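Line by line, the protein sequences give chains U and B.
Each step along the first sequence adds one to the number in our numbering, with nothing skipped, and position 296 is 296.
Each step along the second sequence adds one to the number in our numbering, with nothing skipped, and position 92 is 92.
Calculated directly from the structure, the hints in this document are not laboratory data.
In this text the structure is predicted, and so the values were computed from the model without any measurement.
A portion of the hints provided could be inaccurate.
What the hints assert, rightly or not - Listed next, the in silico SDA-like pairs over lysine to any residue satisfying Cα-Cα at most 20 angstroms (straight line):
#, chain 1, residue 1, chain 2, residue 2
1, U, Lys296, B, Leu175
2, U, Lys20, B, Glu32
3, B, Lys20, U, Gln169
4, B, Lys20, U, Leu175
5, U, Lys20, U, Pro102
6, U, Lys20, B, Thr262
7, U, Lys20, B, Lys296
8, U, Lys20, B, Lys20
9, U, Lys253, B, Ser316
10, B, Lys20, U, Glu172
11, B, Lys296, B, Arg319
12, B, Lys20, U, Arg173
13, B, Lys20, U, Lys253
14, U, Lys253, U, Glu219
15, B, Lys20, U, Ala171
16, U, Lys71, B, Lys71
Spelled out from the first residue to the last, the chains are:
There are 2 protein chains.
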Amino acid sequence: MSAQQMHSPTAEGVARAAAKIAQLLPRTPLLETEIGGQPIWCKAESLQPVGAFKIRGAWHRLTDLGEAERKAGVVGVSSGNHAQGVAWAAQRLGIPATIVMPVDAPQVKLAATRAMGAEVVLYDRPGGEDRDTLATRLCQERGATLVHAYADPWVIEGQGSTGLEIAEQMAERGLGAPTRIVCPCGGGGLTAGLALACPDAAIVPVEPEGWDDVRLSLERGEIQRVPADAPPTPCDALQTPATWPINFAVLQKRVPFGLFVTPAEVRAAQRFAFDRLHLVIEPGGAAALAAALAGKVDLGGRTVIVLSGGNTDPESFARVLLQQD
Amino acid sequence: MSAQQMHSPTAEGVARAAAKIAQLLPRTPLLETEIGGQPIWCKAESLQPVGAFKIRGAWHRLTDLGEAERKAGVVGVSSGNHAQGVAWAAQRLGIPATIVMPVDAPQVKLAATRAMGAEVVLYDRPGGEDRDTLATRLCQERGATLVHAYADPWVIEGQGSTGLEIAEQMAERGLGAPTRIVCPCGGGGLTAGLALACPDAAIVPVEPEGWDDVRLSLERGEIQRVPADAPPTPCDALQTPATWPINFAVLQKRVPFGLFVTPAEVRAAQRFAFDRLHLVIEPGGAAALAAALAGKVDLGGRTVIVLSGGNTDPESFARVLLQQD
């Protein structure tokens, strides 16, 4: 079954995912800080057990698999965070997991995925077999279930549970619902999930410069691909070639526009998170904060920024701190 | 009124402090990780608004001041974290605050304290007037109230609220009460507070090598001072000359022994927190984790590690990541 033929993700699905996740994972903190005197709230998904929000969608997906599907195992494709999410959930549930990862994925992500017992199959990003094709072939050979990093209704619903937690946390503090949620965007799994979870909030996806296919897709009304000559970006977690129809269908209804940020803006956001929040945020995880700091987002009302992940190599992070890039 | 003449801190005071703090500050996360296969729970006080647990005691203390006392202002003495706690609480309550800080306090701590509107009075650590004498003189001159960093019943009770939050969070997850709580220790404010808050947990204070006056005081049954020729330590937050009777009275009843950690053990803990928890922890804040990682603490049962602060300069943290020290 290809991802396009699956059921559409729903707000009810998000609520069901959130209930399952609440039994397992403590809520990540919603940290208040300010930019230019304007309060903002940062959802620190970098503090999930695998260091990223991806654990949510993976858990929702894998716990819904039947007995036979669990036995046959799962295959994921990921530069690292979805990989760890799937590996973590699979290990807890005793499901064999194979993860297709790019050879240039950060070492910390490769090591962590292997440490959780997953088999890692490397692929070479620029040439060679397309990563989705490779994963589909592995699934056919093994009878395994593909757990796509974003083009999957369970994954979208699971990521959306982030939005329900945010709404709960705002309400508990006597604040109103979020006016807008700004989130890092790769393939659009988290963005679509938030759109379903928080129908009254503006959802603002932020991509890396040159990898802003979702922004262009929204602008042009049809799915655009990242060009083959896209520039390098520090945001490995957001290097997705294109969004998929299952995501785009949700985005088109709810998300009027997207934004992009430069590598320098991302580094400034990583330093801000270090200084003000004492958090280690990976480049891709800092994209939404970068847009807010760069003045690209209206911060009026109640703006929530998703800090989506914290898996970065110490050497890279030290360079960011020393402003050597 | 000197700190010794004050009322003794009590468990009831801790509960009252916790109730006030819960109205203002979201709970900091209790993050599960493992050391050598043994689960441990890390209380991330580095995620408090001022980057350290010190905000608790300061809030409890300042909110209990009367109208006239508030008007006359407060004076704090601190290498930086208590300074920020007092400055933060004072700013919220409209109380003038003066903080006595060492000239060699980390720049981030000096800047943050000033940014919160406090007047900073610098003193030169090795020679010159003793910092407590200087603070007492300022109080007399201004009619202000001294808010000692640890020798103060409100401060002890406020810091103890950390322990009640830990117990609550463990209970919510269906875990038993903590078997032991390992905490960084300077003057013994947090340690005494935890001892009052969690009467059934073993409390294990951890100090920097050469600054282990609390450990020695417990061993010898009377308060010991750090010698004048104590070695340098990266743990600026734990550089206190001696504990005070108000703290020691609590510690002697409840804390059988203390531990110390070397600078290398502290750096290893900072890297562990970076890799596994995606947290920025300052050297002093990592002392308890350092002891656990170095095999100095029995981790059986349910061990909670307090990560007490995250205020560190980017250059120092980069050196830790690059293993250059």
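Hints, one by one, checked against the model:
1. U:Lys296 - B:Leu175: violated (44 angstroms)
2. U:Lys20 - B:Glu32: holds (19 angstroms)
3. B:Lys20 - U:Gln169: holds (19 angstroms)
4. B:Lys20 - U:Leu175: Distance of about 19 angstroms is within 20 angstroms: holds.
5. U:Lys20 - U:Pro102: It is violated: about 31 angstroms lies between the C-alpha atoms, which goes past 20 angstroms.
6. U:Lys20 - B:Thr262: violated (43 angstroms)
7. U:Lys20 - B:Lys296: Between Lys20 (chain U) and Lys296 (chain B) the Cα gap is close to 38 angstroms, so the pair fails against 20 angstroms, i.e. violated.
8. U:Lys20 - B:Lys20: violated (32 angstroms)
9. U:Lys253 - B:Ser316: At roughly 47 angstroms apart (the allowed maximum being 20 angstroms), Ser316 (chain B) and Lys253 (chain U) break the hint.
10. B:Lys20 - U:Glu172: holds (16 angstroms)
11. B:Lys296 - B:Arg319: Violated - the C-alpha atoms of Arg319 (chain B) and Lys296 (chain B) are around 25 angstroms apart, more than 20 angstroms.
12. B:Lys20 - U:Arg173: holds (14 angstroms)
13. B:Lys20 - U:Lys253: With a Cα-Cα distance of about 44 angstroms, the restraint between Lys20 (chain B) and Lys253 (chain U) is violated, given a limit of 20 angstroms.
14. U:Lys253 - U:Glu219: holds (13 angstroms)
15. B:Lys20 - U:Ala171: holds (19 angstroms)
16. U:Lys71 - B:Lys71: Given pair Lys71 (chain U), Lys71 (chain B) is violated - Cα atoms ~70 angstroms apart, limit 20 angstroms.
Going through the hint list in order, the structure does not satisfy hints 1, 5, 6, 7, 8, 9, 11, 13 and 16.
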